[in-house]
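The listed protein sequences correspond, in order, to chains P and D.
Under my numbering, the residues of the first sequence are numbered 31 to 176, in order.
Under my numbering, the residues of the second sequence are numbered 34 to 113, in order.
Source of the hints: derived by calculation from the structure; they are not laboratory data.
Just so it is clear, the structure is predicted and the values come from calculations on it, not from any experiment.
Among the hints, erroneous ones may be present.
[Stated by the list, open to error] Quick partial rundown of chain P residues pointing at chain D, CB under 8 Å, derived from the structure: (1) Pro82; (2) Val120; (3) Val143.
[Stated by the list, open to error] So these bits of chain P aren't anywhere near chain D, every CB distance computed over 12 Å: (4) Met31; (5) Ser36; (6) Asp46; (7) Ser74; (8) Lys90; (9) Lys98; (10) Phe99; (11) Pro148; (12) Ile149; (13) Lys151; (14) Val156; (15) Val163.
[Stated by the list, open to error] Heads up, simulated SDA-like pairs for lysine to any residue below, C-alpha to C-alpha not over 20 Å straight-line: (16) Lys144/P <-> Leu80/D; (17) Lys90/P <-> Leu80/D; (18) Lys90/P <-> Val85/D; (19) Lys98/P <-> Tyr138/P; (20) Lys112/P <-> Thr38/P; (21) Lys144/P <-> Met34/D; (22) Lys152/P <-> Cys83/D; (23) Lys90/P <-> Thr38/P; (24) Lys89/P <-> Gly113/D; (25) Lys90/P <-> Asn88/D; (26) Lys144/P <-> Glu90/D; (27) Lys152/P <-> Glu47/D; (28) Lys152/P <-> Glu78/D.
For every residue, glycine included, the Cβ atom is placed at its ideal position computed from N, Cα and C.
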Amino acid sequence: MISISSTTINPDQLRDALVDPRAGAYCSFEGWVRNRNEGHDVLSLEYEAYEPLAITEGKKVIAEALQKFPGLHAQCVHRVGKLEIGECAVWVGVTSAHRDEAFQACRYIIDEVKHRLPIWKKEYYVNGDSGWVNCERCQSHAQSAD
Amino acid sequence: MKTLTVRYFAVFRERAGLAEEVLELEASTAAEVFAATRHRHGSEEPLGHCKVAINDEMASWDSPVADGDIILLFPPVAGG
């Protein structure tokens, strides 16, 4: 299960939905907005997703994770829109009978989500500039303006 | 000539100044569509860092394009 959310992620609520008497392990990952990236002071972030394909690709990632590291449940929620420092940008939760599968599936999901889903991040800097992350020209422009 | 709808996302959309346009192109692959629209999205990223989808299916750069296809050009992703 994967979803794209334009509202605040509530990890406790998401965790509760994964509770299962067969589960001996629960592993989660939260990605937070931090105030510094690549040497720049970051004020806020904006995420954009192409939701139809983010969902399709995200479902594949979760299915792969549960096949490689057999577990019980896996879920991922990714934010879109404007986020402030400290906000949760992405949450992954996995339950399994034993801890190894939960750790490994959780790691697999966050790594693949970052590399495969059509989601983009724009950083707004303290100096008033902004730039899309992983965009070469934006990065060099931001550095020269810093 | 093929009539193709090209959609731009994130930094590509900002550089192009539009989210979508319909173009008449000779292109036979997704990579050729990317090259033909380079003046719009102004990508300096290697092709391998960008992604493409055709009619809402992830595709590869050597995928063929057909008349009426919708080509989605994705700049380097940065989720998480």
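Here is what the structure says about each hint:
no.: 1; hint: Pro82; in the structure: holds (6 Å)
no.: 2; hint: Val120; in the structure: holds (5 Å)
no.: 3; hint: Val143; in the structure: holds (5 Å)
no.: 4; hint: Met31; in the structure: holds (17 Å)
no.: 5; hint: Ser36; in the structure: holds (15 Å)
no.: 6; hint: Asp46; in the structure: holds (23 Å)
no.: 7; hint: Ser74; in the structure: holds (15 Å)
no.: 8; hint: Lys90; in the structure: violated (9 Å)
no.: 9; hint: Lys98; in the structure: holds (19 Å)
no.: 10; hint: Phe99; in the structure: holds (19 Å)
no.: 11; hint: Pro148; in the structure: violated (5 Å)
no.: 12; hint: Ile149; in the structure: violated (3 Å)
no.: 13; hint: Lys151; in the structure: violated (4 Å)
no.: 14; hint: Val156; in the structure: holds (20 Å)
no.: 15; hint: Val163; in the structure: violated (4 Å)
no.: 16; hint: Lys144/P <-> Leu80/D; in the structure: holds (18 Å)
no.: 17; hint: Lys90/P <-> Leu80/D; in the structure: violated (23 Å)
no.: 18; hint: Lys90/P <-> Val85/D; in the structure: holds (17 Å)
no.: 19; hint: Lys98/P <-> Tyr138/P; in the structure: holds (9 Å)
no.: 20; hint: Lys112/P <-> Thr38/P; in the structure: holds (10 Å)
no.: 21; hint: Lys144/P <-> Met34/D; in the structure: violated (37 Å)
no.: 22; hint: Lys152/P <-> Cys83/D; in the structure: holds (16 Å)
no.: 23; hint: Lys90/P <-> Thr38/P; in the structure: violated (24 Å)
no.: 24; hint: Lys89/P <-> Gly113/D; in the structure: holds (16 Å)
no.: 25; hint: Lys90/P <-> Asn88/D; in the structure: holds (18 Å)
no.: 26; hint: Lys144/P <-> Glu90/D; in the structure: holds (19 Å)
no.: 27; hint: Lys152/P <-> Glu47/D; in the structure: holds (12 Å)
no.: 28; hint: Lys152/P <-> Glu78/D; in the structure: holds (16 Å)
Of the numbered hints listed earlier, those contradicted by the structure are 8, 11, 12, 13, 15, 17, 21, 23.
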